[in-house]
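> Chains as they are written, first to last, in our numbering: chain A, 1 to 716; chain B, 1 to 121; chain C, 1 to 162.
I should point out that these hints are in silico values taken from the structure, not numbers from a laboratory. Check before you lean on any hint, since a few could be wrong.
[Stated by the list, open to error] Listed below are the simulated DSSO-like cross-link pairs for lysine-lysine, each with C-alpha atoms no more than 27 Å apart in a straight line: (1) K16/A / K75/B; (2) K12/A / K75/B; (3) K74/C / K581/A; (4) K230/A / K117/B; (5) K167/A / K131/A; (6) K36/B / K167/A; (7) K461/A / K23/B; (8) K167/A / K23/B; (9) K95/B / K36/B; (10) K555/A / K479/A; (11) K167/A / K108/B; (12) K88/A / K111/A; (13) K581/A / K39/C; (14) K426/A / K495/A; (15) K3/B / K16/A; (16) K12/A / K23/B; (17) K132/C / K39/C; (18) K41/B / K461/A; (19) K108/B / K12/A; (20) K230/A / K108/B; (21) K131/A / K108/B; (22) K83/A / K95/B; (23) K16/A / K117/B; (24) K23/B / K83/A; (25) K581/A / K479/A; (26) K230/A / K36/B; (27) K461/A / K36/B; (28) K278/A / K230/A; (29) K108/B / K511/A; (30) K338/A / K15/C; (31) K3/B / K335/A; (32) K543/A / K489/A; (33) K75/B / K3/B; (34) K75/B / K167/A.
[To be verified] Label-pair distances were calculated between CB atoms; the ranges are: (35) L204/A / T45/B: 33 to 39 Å; (36) S382/A / V104/C: 41 to 47 Å; (37) K313/A / T45/B: 22 to 28 Å; (38) E84/C / L336/A: 21 to 27 Å; (39) K313/A / N44/B: 55 to 61 Å; (40) N44/B / E264/A: 37 to 43 Å.
Note that the coordinates shown come from a computational prediction; the quantities given were computed from them, not determined experimentally. Note that beta-carbon positions come from the ideal geometry of N, C-alpha and C, so glycine has one too.
The residues making up each chain are set out below.
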Amino acid sequence: MSEEDDGLDAGKEAFKEEAAELLTELETSLLELEEHPTDEDLIGRVFRAMHTVKGSGAMFGFDDIAEFTHEVETAFDMVRNGKLAVTKELTNLTLRARDQIRTMIEASEGKATVDHKISKSIIDSLQLLTKGTAAGSPSGHEPAAQKPSKSASGDASHSVTYRIRFKPFADLFVTGTNPILLINELRQMGSCMVVAQIDAITRLEEFNPESCATYWDIILTTTLSTNAIKDVFIFVDDMCDLHVEIVDEEGEYDEAEGYMKLGEILAARGDVKIDELKKLLGKQKKVGEILVDAGIVDSGHIASALAEQQHIKEVREQRQKTTDTAASIRVPSDKLDKLVDLVGELVTVQARLSQTAIIHGEATLTSISEEVERLTWELRDSTMSIRMLPIGSTFSKFKRLVRDLSIELGKEIQMTTDGAETELDKTVIEKLNDPLVHIIRNSIDHGIERPDIREAAGKSKMGTVHLSAGHSGANVLIKIEDDGAGLDKERILKKAIDNGLIAPDAELSEKEIFGMIFAPGFSTAQKITNVSGRGVGMDVVKKNIDALRGLVEVKSRKGSGTTITLRLPLTLAIIDGLLVKIANEVFVIPLAVVEECVELSKKDIERTHGRHVSNVRGILIPYIRLREHFVIEAEEPEMEQIVITEVDDKKVGFVVDYVIGEHQTVIKSLGRVFKDIAGISGATILGDGTVALILDVPTLVRSVETHEPVTADAAG
Amino acid sequence: MSKVIMTVDDSASVRQMVAFTLKGAGYTVVEAVDGKDALAKLANTQINMMITDLNMPNLDGIGLIKGVRAIPAYKFIPIVMLTTESQDSKKQEGKSAGATGWIVKPFKPDQLLAVVKKVLG
Amino acid sequence: MATATAEATQYLTFKLEEEVFALDISKVREVLEFSSVTKVPRTPEFMRGVINLRGSVVPVVDLRLKFGMTRTEKTVNTCVIIVEVSFENESMVLGALADSVQEVIELEPEKIEPAPSIGMQLRTDFIKGMGKRDEEFIIILEIDKIFTAEELAFAQEATQAA
């Protein structure tokens, strides 16, 4: 901005000097003109002087001068065109006008005051002279569209798909126009598909490279108006055939099922006649092939029409996915929650029905039960999908955060995103907000370096935070990558030892060290800033992601950046669980954390001298005896089972009597009374109507660890 | 290699403003005071684009455009003319002479840059 | 009950061991047969666990344990009284175990006396008053008080101590 201002100020000074010269010259010319009223050269000079004063004046903000001079210029334009004669009256008025202009320039410097009455009387008299003549003033103001600027590009506020055919005349090149630049301009307006039509290109020996034989079909989806598109072609509007049509509009065509068929598109574009098309449609080939075979239309047009078809299909699909207003109804989320509850109950009852059917072994009952089972699963899946929302809206919120924070911290940071259409359960998305804010803040504050430091390190001044989402099996992966300084292993280690989080001689893997940043009360920020490092550390992230039954993974390379990956379940309402039994109690272990199941015999226990460690293929894995932990008083069986889980790269086994098998687990809250029970995250209702508790493996491990620390070695 | 743009105008203030704006955007600018001066300078300067006023002494904009288009090397370069709203017919004339586009005076620096970007890329 | 006066309140009576207790009927949602309960580990003993109430998971309290009697044993007569209590200003559904459910009675306020502060063998803050019918005393419970924030704090302490 300031550069422009400098330019403007310098321009203003230059204009004043120039105007002073012009006005002096004007005086001389006018006096000469009185003696030679038909001298074209003199008339031209007077006109140009006025023209320049007006044009430059307006450019440097002397609007009053420009407006005033316009009237004089008009008069001399008429003189130039022989529509007005030079009279003593005209030269007198013009001389008075000249003096008035000088006063106006002086006034701008505070050296004089302008008497507006004089201005008005001069203008009135000039207009009296010019109006008397037939033609009137030469053409009035041009429409705003003549300026290819923002002012003309209206905003349609919703996205519209245009079909544009830009067919330049053969002599387009002689005006120095590069049509590719125009097409590139369109590309920048929105999502765009371009098909070049080359059917008019002649054979090489007849080919004239100086004439334009190509034309273009463009399908453009943009929020800009038709006028904005036409503005792109403003310089060539008399050198081309340009057709701009709306073929799809948000909200307008959404109910229409699918888009036009290929033949319909071609007919709508005027590339084929509808009756020719109908005649050919009897043949059982693809419309495109038939038309090409019949020589009615060439393959370029078919390709273009197909591109349109595809583009609009994509645009519509995208719209369905990313906007929640298009073709949708708003439903209060508690109604949805109720629906999910009911489906959960149905799933439970259905499990009972299946169990009953198996017990009875009656053919009719079994087949009904199977039918109900199929319908229930379908109902469950579609109900769950209702709760799914694209994560895009959350992503876009962070753009602002990144922008504001980078300004605040004097850093140059851009945010890029990927996979905004990835769907996640509404509740998960809501609960994801805080952890993401924290991670992004951390990346901006601690990760990405100041521009000067980046430059010194040979990186681009602009740092990047890349936010991406994508599916991975039954999970969604959300990645937050930055190209900043990366994590400093030594500093983290030192801090962790200083804070007593680990023993000074502990040997930790890289993953374990990086994992320390999520430990409560951990913050490596050397100074506390506004942004992060104010006591609430990354442990909040860990806690929230744990609550979502998700996992956090950190990868970092010093100097080149950090990637934090959040692995989240698709939905909170139903999970895949493993049913296990201890005495008469049934528990569910989330299958996502289960690695494998191994047997544990009394002999194995003797071999480890009562220590709670099992040797699985040479690796020592600590285990927790749920019977003891949950104080279940019953004799253990001869052969027990260990369910081995892995959380945060730590393998821990859970000893149970018996592994029942997999179970579609509809998660129920335990309610406020039991909300803080360590190791239990909820409950589910089994096929027989009884309640089973769902184990919260991470907190269970933590609650055991605080009493009997599991050493890093054993965990390895 | 930055692109070279020639600005042709008898008004020093306009030339200054155009030059300042274009230099700020990374272009190299050559100035000429009228059509005759421009053609003379073209003989030993290689340019990528020309921005010219229409009303100039010695050789006006229309004459200059015709002259430039007659030079084989400049047959297809973008030429933008500066016009005022009262010169609609001039605009037509300029286009027939081979102008690529136009800018209506008065204009702001970003409008100038938008047009340059549009025709020069 | 057609002659209920404005002042009279209806109560559901039930037995714990041999004593008769009563609950304001407006607090009672339903009475269920007691089948099975899932114990939530590391919670106080009087918290018998959770049951499935048509798809919802509802906590069940053993009132006998709560009142210092022996643990409720399952018999053909054992019931779960589902009550709605207010807990930290929010209503919550809770199951209470009873050895048997008796009947619904009507009591005028004047027939209810304040509980004696001694000799009750249970904390008087759970007791709204003593009703009298056919020479028999009925202990009217203040069910909202049974589950107070302190009680929950106690439950959590127990969890951590275990």
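> The structure should be examined with respect to each hint, and the outcome stated for every one.
Results of checking the hints against the structure:
For the given pair, K16/A sits about 37 Å from K75/B by alpha-carbon distance, which is inconsistent with the 27 Å threshold. Restraint check for K12/A and K75/B: not satisfied, since their Cα atoms lie roughly 35 Å apart, outside the 27 Å limit. Annotation: proposed proximity of K74/C to K581/A holds, straight-line Cα distance about 23 Å (limit 27 Å). With a C-alpha separation of about 17 Å, the suggested pair K230/A and K117/B falls inside the 27 Å cut-off, and the hint holds.
Restraint check for K167/A and K131/A: not satisfied, since their Cα atoms lie roughly 43 Å apart, outside the 27 Å limit. For the suggested pair K36/B and K167/A, the alpha carbons sit about 36 Å apart, so the restraint of at most 27 Å is broken. For the hint pairing K461/A with K23/B, the CA-to-CA distance comes to about 23 Å; that is within 27 Å, so the pair holds. For a cut-off of 27 Å, the pair hint linking K167/A to K23/B is broken: about 35 Å separates their Cα positions.
With a C-alpha separation of about 20 Å, the suggested pair K95/B and K36/B falls inside the 27 Å cut-off, and the hint holds. A hinted pair counts as satisfied when its Cα atoms are at most 27 Å apart, and K555/A with K479/A qualifies at roughly 11 Å. Taking the CA atoms of K167/A and K108/B, the gap is about 31 Å. The hint is violated against a cut of 27 Å. Pair hint K88/A plus K111/A does not hold up; C-alpha atoms about 31 Å apart against a cutoff of 27 Å.
Simply put, K581/A and K39/C have alpha-carbon atoms about 13 Å apart, close enough for the 27 Å limit, and the pair holds. For the hint linking K426/A to K495/A, the alpha-carbon distance of about 37 Å lies beyond 27 Å, and the restraint is violated. Among the hinted pairs, K3/B with K16/A is inconsistent with the structure: their alpha-carbon atoms are about 31 Å apart, more than 27 Å. A threshold of 27 Å between alpha carbons decides the hint, and for K12/A with K23/B the separation of about 18 Å falls inside it, so the pair holds.
Restraint check: the Cα-Cα separation between K132/C and K39/C comes to about 36 Å, which exceeds 27 Å; the hinted pair is violated. Taking the CA atoms of K41/B and K461/A, the gap is about 40 Å. The hint is violated against a cut of 27 Å. The suggested pairing of K108/B with K12/A holds, with an alpha-carbon distance near 13 Å, which does not exceed 27 Å. Note on K230/A and K108/B: the hinted pairing holds, with a Cα-Cα distance of about 22 Å set against a maximum of 27 Å.
At most 27 Å may separate the alpha-carbon atoms for a hinted pair to count; K131/A and K108/B exceed this at roughly 32 Å. Pair hint K83/A plus K95/B holds up; C-alpha atoms about 25 Å apart against a cutoff of 27 Å. Pair hint K16/A plus K117/B does not hold up; C-alpha atoms about 30 Å apart against a cutoff of 27 Å. Between the alpha carbons of K23/B and K83/A the distance comes to roughly 42 Å, so the proposed pair goes past 27 Å and is violated.
At roughly 37 Å between alpha-carbon atoms, K581/A and K479/A are farther apart than 27 Å, so this suggested pair is violated. Distance check on the hinted pair: K230/A and K36/B sit about 35 Å apart at the alpha-carbon level, beyond 27 Å; violated. For the suggested pair K461/A and K36/B, the alpha carbons sit about 46 Å apart, so the restraint of at most 27 Å is broken. Straight-line distance between C-alpha atoms of K278/A and K230/A comes to about 34 Å, which puts the hinted pair past the 27 Å bound.
For the hint linking K108/B to K511/A, the alpha-carbon distance of about 56 Å lies beyond 27 Å, and the restraint is violated. Between K338/A and K15/C, the direct Cα distance comes to roughly 36 Å. Violation of the 27 Å bound is thereby established for this hinted pair. Distance restraint check for K3/B and K335/A: the Cα-Cα separation of roughly 63 Å exceeds the 27 Å cut-off, and the hinted pair is therefore not satisfied. For the suggested pair K543/A and K489/A, the alpha carbons sit about 22 Å apart, so the restraint of at most 27 Å is met.
With a CA separation close to 17 Å, the supplied pair K75/B and K3/B stays within the 27 Å bound. Straight-line distance between C-alpha atoms of K75/B and K167/A comes to about 21 Å, which keeps the hinted pair within the 27 Å bound. Judged by the Cβ atoms, the range 33 to 39 Å given for L204/A and T45/B holds: they are separated by roughly 35 Å. The hinted window of 41 to 47 Å between S382/A and V104/C holds, with their beta carbons roughly 45 Å apart.
Here the CB-CB span from K313/A to T45/B is close to 52 Å, at odds with the stated 22 to 28 Å. Separation of E84/C from L336/A is about 25 Å and conforms to the stated range, judged on CB atoms against 21 to 27 Å. For the pair K313/A and N44/B, the beta carbons lie near 57 Å from each other, so the given range of 55 to 61 Å is met. Under the hint 37 to 43 Å, the C-beta atoms of N44/B and E264/A, about 59 Å apart, miss the expected range.
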